[in-house]
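Spelled out, the chains give:
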Amino acid sequence: MKYPYYPGCTLYTKAKNLDQCARRSAEILGFELQELETWNCCGAIYSTVTDDLAAQVGPIRNLVQAKKMGDSLVTLCAACYNVLLRSHNFLFAPGNEKTRKRLLDFLEEPYDENMRVRHYLEVLKHDIGWDNIKNKIKKNLNGLKVASYYGCLLLRPAGELKFDDPENPRMMDDLMANLGAEPIDFPFKGECCGGYVLINDQDVALKCSKTILDSINASGAECVITSCPLCQYNIDNQQKLIGERNPGFKKIPIFYFTQLLGLALGLEGEILALDNHCVDPKPLLSQKGLING
Amino acid sequence: MLEERNQSNEIINLIEELSGQKIFNCFQCGACTAGCPVAFAMDPVPSQAIRMLQLGMVQEVLDSSGIWLCAACNVCGTRCPRGVDYAKISDALRALVLRSKKNRVEPDKISKALIYDAPQQAFIAGFRKFVG
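Residue numbers (this note's numbering), protein chains in the order written: chain A, 2 to 294; chain B, 282 to 413.
No wet-lab data here; the hints were simulated from the structure. Possibly wrong hints are sitting among the right ones.
[Unchecked claim] Computed spacing ranges between beta-carbons, pair by pair:
1. 102(A) x 332(B): 26 to 34 Å
2. 117(A) x 362(B): 50 to 58 Å
3. 93(A) x 413(B): 38 to 46 Å
4. 219(A) x 332(B): 29 to 37 Å
5. 163(A) x 321(B): 48 to 56 Å
6. 384(B) x 136(A): 53 to 61 Å
Each residue gets a CB set at the ideal place from its N, CA and C atoms; glycine is no exception.
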């Protein structure tokens, strides 16, 4: 099975470890991520300003490209997922007929309502199925206590995304349980990490991340998974500063969910990109016998 | 006085149009502020900002620092019992300021360390929200 795939800007550079493992894991699980022939940045954050059509052109251009390959588009980055899905909804919102015509006339390409923007996790759960994933496991993640951090962009606005319960999401927890790991619950699963406020006020973003990390540490988890490169940055790289400012702060490794998926499916070495982290996850993984060394 | 009032009505209409939200639907329960992850640093907090708009204090809200801390995480709108999405209102407020050519963040003042370190997603999203 082939799925049109939109990687987005960050997955080619800072978030290679989110992308690489996902592509290889897909092959093992029997589907292929077929990258769009041409694509551009989605804008990284959805603009809700009703007349801000310039911000809609980027994401819609990607959707139009995807349409040439099929009726669905798969993404991995939570931000791309959020933006592309909401831009599609914007086009077909009641009362937006004129705006839709204007945007599509501008792009000079055919497009219609029959398009589903999907997250990789939705493909895993609904198309592949947890049982099939279980059957392909090479290394059971037995004994690894994982906190799933969803953040905002996968969950809200819940009515539009319909990804999972916005107050009590389970999708990544279920994936971890099926890979043999122990999912650890904590109350700030869907709390914002501060996101792009980072560049306006780093201290505020730092506090948001610290609240989440404190909650995870108190829950007894040994590591965290996420699907958003900005969440990853805020809760991984920022631990350095949080640690400097808060003596006694316990550092915890932050993975992309695709890295643990890949690990369980038997991926090894460079492809896991375990060096691409601020808090080194290798000691934990070797202690659990999941990697050598 | 009457003239001032008409002006503020006009701008409230514009904010409602740009955000798609009905500002007078808010009955001040405070659920938005209770859930807001940045409320600790926000001034005014979401429910206060909406109340100020209801009272016509538009300029005070536009001049405030609070609107620039919204991370668009959407907890407020998801939990609002009256269907008011403050994230959309603050997006509209910021657009009004940015369209008057006032940047919140000057790209060349961002620290080199952050530029080297953070993912481009942070800058693209940040420029969308803080640079006109």
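Should the hint that residue 163(A) and residue 321(B) are 48 to 56 Å apart at their CB atoms be regarded as holding?
-> violated (31 Å)
Is 53 to 61 Å right for how far apart the beta carbons of residue 384(B) and residue 136(A) are?
-> holds (54 Å)
Lying within 50 to 58 Å: is that true of the beta-carbon distance residue 117(A) to residue 362(B)?
-> violated (30 Å)
Do residue 102(A) and residue 332(B) keep their Cβ atoms within the hinted range of 26 to 34 Å?
-> Hint violated: Cβ distance 39 Å, outside 26 to 34 Å.
Indicate whether the distance between the beta carbons of residue 93(A) and residue 413(B) respects the range 38 to 46 Å.
-> violated (29 Å)
May I ask you to test the hint 29 to 37 Å on the CB atoms belonging to residue 219(A) and residue 332(B)?
-> holds (35 Å)
Hints 1, 2, 3 and 5, counting from the list given before, are not met by this structure.
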